[in-house]
Amino acid sequence: MTLHVRSRGSAAFSLVEVALALGIVAFVLLGVMALLPLGVKSNQISRDEARAAGILTALEADLRNTHPALGAGPAGAGKSLQFGMPLPYTVSSSTGQLIFNPSLVKNDMTGGYSVLLDETELPMPATAPAGAPGRFQATIVYTRTPADMDADTLAPIEARLIVNWPSITTSDISDLTNTAKVSGYVEACVTFPAP
Numbered sequence: 001m002t003l004h005v006r007s008r009g010s011a012a013f014s015l016v017e018v019a020l021a022l023g024i025v026a027f028v029l030l031g032v033m034a035l036l037p038l039g040v041k042s043n044q045i046s047r048d049e050a051r052a053a054g055i056l057t058a059l060e061a062d063l064r065n066t067h068p069a070l071g072a073g074p075a076g077a078g079k080s081l082q083f084g085m086p087l088p089y090t091v092s093s094s095t096g097q098l099i100f101n102p103s104l105v106k107n108d109m110t111g112g113y114s115v116l117l118d119e120t121e122l123p124m125p126a127t128a129p130a131g132a133p134g135r136f137q138a139t140i141v142y143t144r145t146p147a148d149m150d151a152d153t154l155a156p157i158e159a160r161l162i163v164n165w166p167s168i169t170t171s172d173i174s175d176l177t178n179t180a181k182v183s184g185y186v187e188a189c190v191t192f193p194a195p
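Mapping the sequence shown onto my numbering, position 42 (from 1) lands on 42, and the numbers just tick up by one.
Please note: incorrect hints may appear among the correct ones.
To be verified - In the BS3-like style, the derived pairs of lysine-lysine whose C-alpha atoms are separated by at most 27 Å in a straight line are:
1) Lys41 - Lys106
2) Lys79 - Lys106
3) Lys181 - Lys41
Keep in mind that the hints were calculated from the coordinates and are not lab data.
Starting from the given sequences, assemble the full structure and let the hints guide the process.
This is the structure in structure tokens:
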């Protein structure tokens, strides 16, 4: 009785197959690593835009919900409580009724119409170092003010609310939405009806 031993072929991969597989894996990993910075940047932009939209909503609510007679805010009477911006309404000294704020200035960036916000989305204190950059900048630009209207009119006050990041030092309103000067911005047009 004779035994026949069969030799089986090797079940391992050849060197060529292993090299080819490693080349494909390296190519895929290189592609993933190349796209990673793009994903991180896109995530940062999306996060900043969402935060700015939240600030914009808070700014509008602050302007609409602060009663001009309160005057208890850090900025004093006639300013919004949270952001310290000029309110669209004031209390008449003669009648005690709400009226449009006659001191509003149209298309102006001076006099407290813009505020720098820190990383926590709160107004930066007056004690902040000079030239300290804010993370965000909230601005209100009144486009129709009481000076534009007849005394008897019930037309609303109109304003543009702009939140840009990072904050910039400028007196030109168009710089706030110029993507060559800011990383991004969100804006809304709002109206304040006659009281």
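Status of the hints after comparison with the structure:
Proposed proximity of Lys41 and Lys106 is contradicted: the alpha carbons are some 37 Å apart, above 27 Å. Between Lys79 and Lys106 the CA atoms are separated by roughly 16 Å; this keeps the pair inside 27 Å, and the hint holds. Between Lys181 and Lys41 the CA atoms are separated by roughly 18 Å; this keeps the pair inside 27 Å, and the hint holds.
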